[in-house]
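A.B. asks: Given the coordinates of chain A, assemble chain B onto it according to the supplied hints.
2 protein chains.
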Amino acid sequence: MPVNLTPPDRERLFPVAGIELGWAEAGIRKADRKDLLVIRVADGSTVAGVFTRNRFCAAPVLVCREHLAGGDGIRALVVNTGNANAGTGAEGLAAARATCDRLATLLGCKSGQVLPFSTGVIMEPLPVDRLVAGLPLAIDRLRPGHWLEAAQAIMTTDTLPKAASRRVEVGGRTVTVTGIAKGAGMIRPNMATMLAFVATDAAIAPGLLPHLTRTAADRSFNRITIDGDTSTNDSFIVIATGGSGAARIESVGDPSYAIVAVAIEAVARELAHAIVRDGEGATKFIEVRVEQARTEAEAARIAYSVAHSPLVKTAFFASDPNLGRILAAVGYAGVDDLDPARVQMYLDDVWVVRDGGRHPGYREEDGQRVMKASEIVIRLQLGRGPEATSVWTTDLSHDYVSINADYRS
Amino acid sequence: MPVNLTPPDRERLFPVAGIELGWAEAGIRKADRKDLLVIRVADGSTVAGVFTRNRFCAAPVLVCREHLAGGDGIRALVVNTGNANAGTGAEGLAAARATCDRLATLLGCKSGQVLPFSTGVIMEPLPVDRLVAGLPLAIDRLRPGHWLEAAQAIMTTDTLPKAASRRVEVGGRTVTVTGIAKGAGMIRPNMATMLAFVATDAAIAPGLLPHLTRTAADRSFNRITIDGDTSTNDSFIVIATGGSGAARIESVGDPSYAIVAVAIEAVARELAHAIVRDGEGATKFIEVRVEQARTEAEAARIAYSVAHSPLVKTAFFASDPNLGRILAAVGYAGVDDLDPARVQMYLDDVWVVRDGGRHPGYREEDGQRVMKASEIVIRLQLGRGPEATSVWTTDLSHDYVSINADYRS
Numbered sequence: 001m002p003v004n005l006t007p008p009d010r011e012r013l014f015p016v017a018g019i020e021l022g023w024a025e026a027g028i029r030k031a032d033r034k035d036l037l038v039i040r041v042a043d044g045s046t047v048a049g050v051f052t053r054n055r056f057c058a059a060p061v062l063v064c065r066e067h068l069a070g071g072d073g074i075r076a077l078v079v080n081t082g083n084a085n086a087g088t089g090a091e092g093l094a095a096a097r098a099t100c101d102r103l104a105t106l107l108g109c110k111s112g113q114v115l116p117f118s119t120g121v122i123m124e125p126l127p128v129d130r131l132v133a134g135l136p137l138a139i140d141r142l143r144p145g146h147w148l149e150a151a152q153a154i155m156t157t158d159t160l161p162k163a164a165s166r167r168v169e170v171g172g173r174t175v176t177v178t179g180i181a182k183g184a185g186m187i188r189p190n191m192a193t194m195l196a197f198v199a200t201d202a203a204i205a206p207g208l209l210p211h212l213t214r215t216a217a218d219r220s221f222n223r224i225t226i227d228g229d230t231s232t233n234d235s236f237i238v239i240a241t242g243g244s245g246a247a248r249i250e251s252v253g254d255p256s257y258a259i260v261a262v263a264i265e266a267v268a269r270e271l272a273h274a275i276v277r278d279g280e281g282a283t284k285f286i287e288v289r290v291e292q293a294r295t296e297a298e299a300a301r302i303a304y305s306v307a308h309s310p311l312v313k314t315a316f317f318a319s320d321p322n323l324g325r326i327l328a329a330v331g332y333a334g335v336d337d338l339d340p341a342r343v344q345m346y347l348d349d350v351w352v353v354r355d356g357g358r359h360p361g362y363r364e365e366d367g368q369r370v371m372k373a374s375e376i377v378i379r380l381q382l383g384r385g386p387e388a389t390s391v392w393t394t395d396l397s398h399d400y401v402s403i404n405a406d407y408r409s
Numbered sequence: 001m002p003v004n005l006t007p008p009d010r011e012r013l014f015p016v017a018g019i020e021l022g023w024a025e026a027g028i029r030k031a032d033r034k035d036l037l038v039i040r041v042a043d044g045s046t047v048a049g050v051f052t053r054n055r056f057c058a059a060p061v062l063v064c065r066e067h068l069a070g071g072d073g074i075r076a077l078v079v080n081t082g083n084a085n086a087g088t089g090a091e092g093l094a095a096a097r098a099t100c101d102r103l104a105t106l107l108g109c110k111s112g113q114v115l116p117f118s119t120g121v122i123m124e125p126l127p128v129d130r131l132v133a134g135l136p137l138a139i140d141r142l143r144p145g146h147w148l149e150a151a152q153a154i155m156t157t158d159t160l161p162k163a164a165s166r167r168v169e170v171g172g173r174t175v176t177v178t179g180i181a182k183g184a185g186m187i188r189p190n191m192a193t194m195l196a197f198v199a200t201d202a203a204i205a206p207g208l209l210p211h212l213t214r215t216a217a218d219r220s221f222n223r224i225t226i227d228g229d230t231s232t233n234d235s236f237i238v239i240a241t242g243g244s245g246a247a248r249i250e251s252v253g254d255p256s257y258a259i260v261a262v263a264i265e266a267v268a269r270e271l272a273h274a275i276v277r278d279g280e281g282a283t284k285f286i287e288v289r290v291e292q293a294r295t296e297a298e299a300a301r302i303a304y305s306v307a308h309s310p311l312v313k314t315a316f317f318a319s320d321p322n323l324g325r326i327l328a329a330v331g332y333a334g335v336d337d338l339d340p341a342r343v344q345m346y347l348d349d350v351w352v353v354r355d356g357g358r359h360p361g362y363r364e365e366d367g368q369r370v371m372k373a374s375e376i377v378i379r380l381q382l383g384r385g386p387e388a389t390s391v392w393t394t395d396l397s398h399d400y401v402s403i404n405a406d407y408r409s
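Chains as they are written, first to last, in the working numbering: chain A, 1 to 409; chain B, 1 to 409.
Calculated from the structure, these hints are not laboratory results.
Being a predicted model, the structure only gives us computed values, none of them experimental.
Note that the Cβ used here is the ideal one computed from N, Cα and C, for glycine as well.
Where hints are given, some of them may not hold.
[As the list claims (entries may be wrong)] What follows is a set of in silico ranges between Cβ atoms, one per label pair, in the way DEER data are often shown: (1) A:215 <-> B:386: 39 to 47 Å; (2) A:250 <-> B:386: 47 to 55 Å; (3) A:294 <-> B:215: 31 to 39 Å; (4) B:349 <-> A:42: 34 to 42 Å; (5) A:337 <-> B:372: 21 to 29 Å.
Just chain A, same shape as in the assembly:
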């Protein structure tokens, strides 16, 4: 059961000039489900991406990096679910290239102008014949208004499609940002999430878009975790088509940069939160906020330590204010000179820990009240400096175990 997440409203997903989307039921792993997505990108668009740092990164991730570096410009993206094409060696690489070759032929562009993406089971051969057989139907369905279907086509264990959209004014022109994402397990993105695609019809200089993309990832997908498992396939792509007619943004100093960057970040964060809300077995949406840290990295380290603790996560599942488990996770996060006597902890509005020990005024029933909510903020103050960050996560429930014990069956 997703936590306070509803299906995207089709009317609120604004088309992006220069982007068309089409899907097919290619039977990659199961019959009769949307499992193939093609995104056609207008000529002259700029595209940037960030990818998993997992050393066992998937074949399509290797090909994406190569094609983005190629400098030919990107004209299409192709995404399959049901198979991650990871841990598949040279054969997997050949399968990803064959996919690009075929789509390029069908669309009349170069193979190096196609970005491939896969998600699903690791270490199984990609059924490339079924995949390419599905391409003509997907191409036939290419339309600017197909964002919702596109979000559906990339789902795996997701229970709901994830999409978000914003409109902003840039120099008298309306600029649209719309994006989709998928992911519910194997979520602890490191530089990106499972799969997320955000497009805008703003024009953004090629040299600038990678910076914007990385910053948006760092403030959204790189701050969520469900199970601490960094996927082999994490990819986050930003496409700027220029189709809005607004003047091209050339530098960070350009006044339009902040407007568009904030809109892209807002879409990325909404998608990242949607992934957490739909986290496998999630019953709660938890923000771990660490303040007064010496560095942001230190704040993140402690926040992840709390967010990954199975004991903390099961306590939240049980709505049991067994809050000492949070202190234990702070203590083993590896910040060796942390002074426990300076640590404060709040659960929403309840002051639980004062100067490293239980607050004398803390009453169990106050903790209990907060723990029963479906959205909870754990706020930790370290008394060490000015830096802060937040990590978003879920609880750990019986359903998480069931989903992952059954995933391949």
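C.D. replies: Below, chain B without anything else, positioned relative to chain A:
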């Protein structure tokens, strides 16, 4: 259900000359259960300990460090379950000291000669009045033959008591090593486990025992994990009474050193494995063996990454050879220059991954066969160097969630 673990056989737990053990039902958290243990140590014994590196270490850990450094010699240990006396600030420290004071008075020694230990819920005040009220009965029961009762008295979510014993010949004398341990959750010891006490009647020089203790911990308790949660109370104590009459061991070069050290390590490892076998919700006992690493630290980092992955652990619970999840965990372990193309993986005798991809001869039914066993070795070869290590862990089951969602109720 513990994995291939049976209750210790009382007849095989040899008394250690110079050690007496007694217990009481002090009602620390629940009535009518053994929750208080006193261990009396003969005058002239040497004692060493290693403790948690959790920054939120418990009050008794702070007092133990102080008393061990005091140089007065240790004459008694006192252990309570039901309350960890951690996250309890200055009051908790006063409670630990009061416990030592009272026991010292009853036994006729100094307060600084008592080591206190606590385990149980974090961030609750220690009911020191009930604890000290139980001391006279525990003292009354002090006997050399009470090792099994002592193992029972320190249990929390453990389903079975954990004890082990060895006898070796040293210079014509029989030397005994006997130990007990507790722990089933919040297990990822960092320098020691939850609580483990090992005693020998060998005589070991005070300057030598800390080295022996640390080495034994590194090869046993410091290589197990159940949930990755390093406790606030981890403590591992080695006591050498000299009661065997064997000549005192003065240096690592002494031929007797290796004999006694190996016996102590064997007892420590048996206890560490017993903790994993009795891990919360465990249905499988898994060794993650990493070979051909550049350093032992690198091997351990990858082994822990696999051993902590909820996705790997749930796959083992389901006996589902979803083995790509293991590769993913290897890939995100943070060894940045790892070359996937050099990685081999075996599941017991089955060669699953060859040169970073699925072995062409690997058949799902072979993986399935191995996954059904209750004891499984995951062997990873990195092709980077000569170092190796093993980490022992369990699967992640519904019972783990149930136990930890209900622990305080």
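A.B. asks: If a hint holds in the structure, say so; if it doesn't, say that too.
C.D. replies: Hints, verified against the model:
1. A:215 <-> B:386: 39 to 47 Å: Given about 42 Å between the Cβ atoms, the range holds.
2. A:250 <-> B:386: 47 to 55 Å: holds (53 Å)
3. A:294 <-> B:215: 31 to 39 Å: At 34 Å between Cβs, range holds.
4. B:349 <-> A:42: 34 to 42 Å: violated (55 Å)
5. A:337 <-> B:372: 21 to 29 Å: violated (47 Å)
Of the numbered hints listed earlier, those contradicted by the structure are 4, 5.
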